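So the sequence lines, in the order shown, correspond to chains A and B. According to this note's numbering, the first sequence is numbered sequentially starting from 1. According to this note's numbering, the second sequence is numbered sequentially starting from 1.
Since the hints were derived computationally from the structure, they do not count as laboratory data. Among the hints, erroneous ones may be present.
Claimed, not checked - Partial list, derived from the structure: chain B residues whose beta carbon lies under 8 Å from chain A:
| no. | residue |
| --- | --- |
| 1 | VAL45 |
| 2 | THR57 |
| 3 | LEU60 |
| 4 | GLU62 |
| 5 | LYS164 |
| 6 | ALA234 |
| 7 | GLU350 |
| 8 | GLN353 |
Being a predicted model, the structure only gives us computed values, none of them experimental. Built from N, CA and C at the ideal position, the CB exists for glycine as well.
Residue-level listing of the chains:
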Amino acid sequence: MTSKLPWRGAVALVLLTAPWLLLLSYGIEQLTQQTQFLSPWLNYPGLAEMIEQTVVVGITVMLVATIVVLSSQPLRSSSGWLVQVIALPHLAFAIGLLWLFAPYGWLWRLVPEAWHSSVFDRQQLLSFIIILLAKEIPFLWLMGQRTLAQMPWRRWLLVGQSLGYSRQRSWWLLVMPELLRRMRLPLMIVLVYSLSVVDVALIAAAQTPPPLAVQVLQWQLDAQPASQQFAAYGALTLLLLAVVAALAVFLQERLIRAVVLPHLGNFALRVPWQALVSVIGLAAAFAIAAQSIAVGWFYPELWPTSWSVERWQQELSQLLPLFVQSAGIAAVVASASLIWVVLLLEWRRRHGVFGLSGWLLLPLLVPQLTLLLAWQELFAAFTSGGLPWRYALALIMVQIPFSAAYVYLILAPLEQRFEQRYLTTMQSFGYGFWRSWWLTKRSLLQQPLLLAWVFAALVSMAQYLPIVLFGGGRWLTLTSELVAVSSGANSQLIAIYAVSQWLLALLFLLVLAWPQQAVEGEQQ
Amino acid sequence: MRVWLLGMMLSVQQVYFHAWGGSDEVNQYVRWAQQQLAQQDIELVHVKVADISETVTLLLRENQQQQPSSAVDLLWLNGENFHALKAAGALRGELSQAVANSALLDPTLGWQNDFGIATDDYELPWGVGQFHLFIRNSPTSTSMTPAQFLTLAQSKPGRLSYPKPPEFHGTTFLKLLLLELNQHNAALYQPPQAQQQELLLAPLWAYLDQLHPLLWRGGKEFPVSAAQQQQLLANGVLDNAVSFNPSELFNAQRAQRLPAGIAPLLIGERAITNSHYLAVPKAAANSEGAVKVINFMLSEAAQQRKQAADGWGDTAVIRFQQSANQRDLFPSQPEPHVGWVQLLEQQWLERYQQ
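Could you build the full structure based on these sequences and the hints that come with them?
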């Protein structure tokens, strides 16, 4: 790896840019095909409201999440519980929360009638926002913790205090501006996710009209030429909204720095967020688990007619192969993503690559369906009627950009601070580059490497559209089955698949318990 | 996919069958078919999708790119999805020649037209659907006029709803009201003419303007699908749901998915009746295997099993030779002309989604 063969750079460059060139050509093809649909599209019933809802959701989630995350305790207390809430898959989380708290739901049945309110109801914008916040805030906490870990913020606080400011005031004035700046990317990712999420929006958000992303998917699935064209315009609008979202994050940051922070003084938000979020997450999981073994559970009963694991037993022969397959795909995608990002990071150290973060994070900033359809043509030729391994390869390839983005997000900041001279020292002892890398960097960065791998696996196992569009039915996962059964009315079956998906996520989390032993093993 | 490696070695033919995976009863039936077909060395792989239009989008894209070979061998569809694939020339034709058991099909069931478009042998029927409502604490009658339904809505404000058009159950609800409110006017079975459109649609919109404020969420929000509405019925949020399967209510109550005290209800005297079908993509990699599967699905054993009350309960489409047909169908109501569908969906959105 010490040689400077140009082909390696060329391959990396092609792999980095090809997905986007495909997107560009697809976009041009879609938008220039037929323009007579533009005016009917602009007059589509409810279009303005769809866009408005999407913007309201994005902005509200961004603002509230920023305020809660940056001003709360969990940011400064590092703990492992965050990851467990993050691991709970979005769809299962949303189903669980609605089943618990929405009108006629489980907890709602316990509350006296005078207290009944429909603030948190199905198909309502506010519920959608609340669910997104409950799910995204732990992710931002985790990102915030990782960011803080790279800042000498304790020293800054001491400096502030030595200048006569209180600890809290120093936090606002010295630490927060820098933290905000470094949190731009995670915030953008959360914002774009809120704009483009479909599965959660379908059950939680208003549907008359729906958020734009839901409508884009519905247009996409309607075979009429006009609908296809509407979908292209809609996807482009989502893309524009994503760009605006990026600007909004900058704007918010400037506003907070200029207007809010100087006036906060000794203000501190004292809400037991950690407890609150853990309780909500666990309650959602528990509610789903209860439903998976409940038979005949109708309003207004507090308990089902009977509890039974019979349905689980019947489904086991289906679940086990899916479990193995999902785990396998996720593990391969996560490993490939990790290797890919590590290679790129080393490449950047050596040659300095401009805009690497941009290329790698772009998949999180573009609506997924648009991207996948742009890539579809390339892979269709390869998989067409082929053997299952071709589909597997296509499936894994298209998932890597999404997982690699998270790997980069977790790994890059820490890698940047790594003293590469440890590695050079090793090399001077005669070890090869990658041998030295393994002995120094891998063992010193083991924790973030594992976390990145786990995140990549979690992202992969939650993917639905890649499985449908690229798996050709040869490869199915718990998530693809969960989405399929979720289109039906059998809540027990839906719960069984949701719980299985969650169990798989927990299995991946066990990997995080591994580092200590591994490091010791290395030292022997 | 589980045994593809083994399959390749033993030359078992996989047939990739894309079908909606939301119904437990259907999924269990497909599992039964898988076991039966295994005896013919066919491995039927049920690719469960949330919406068959996902598969249709994929097939249309493959067709547009002229992919020589498709990942899909067989699919379960009807209505607009069939229309799109047929129009694109993406389906294998002359199916009945390849499927011997198609001779058993009962021609009186009206499956030759799929939502107003001739099937032309590009798909073969698999079962029959009849649109009806489920209603909680229903009055004793099994059918209601639209006016009686409005009175019912007044007596339980916020407790009734229907799936949001253009979801096909929702659209069917509109078609039914359109027919009933116009006393089955003959013009509704013809392509819509400009001067009649307004005249015939006016009673429907007037009716819905009255009905919507009495519905769930004041008619500002609707369930996204029939399945979701059934969940709302089970959870006590709503007092009605809609279905195309005459056995579904019985099944759901037996499996304790819906409580007792819910009964089927027709609006008008007859139920809008249509079929659901099996089709083979023109580029299917295993077209012959798919045809064998259809042949099995139309066999007496498979159709009888499908109709069995303790299973899926889906009405048979063949004439049984060895036993009497046990069809417990509602009187059937033909569909209005397909031209009205787009008008209904378009104008509904313009009126109620602005």
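Hint check:
{"no.": "1", "hint": "VAL45", "result": "holds, 6 Å"}
{"no.": "2", "hint": "THR57", "result": "holds, 6 Å"}
{"no.": "3", "hint": "LEU60", "result": "holds, 6 Å"}
{"no.": "4", "hint": "GLU62", "result": "holds, 6 Å"}
{"no.": "5", "hint": "LYS164", "result": "holds, 6 Å"}
{"no.": "6", "hint": "ALA234", "result": "holds, 6 Å"}
{"no.": "7", "hint": "GLU350", "result": "holds, 5 Å"}
{"no.": "8", "hint": "GLN353", "result": "holds, 4 Å"}
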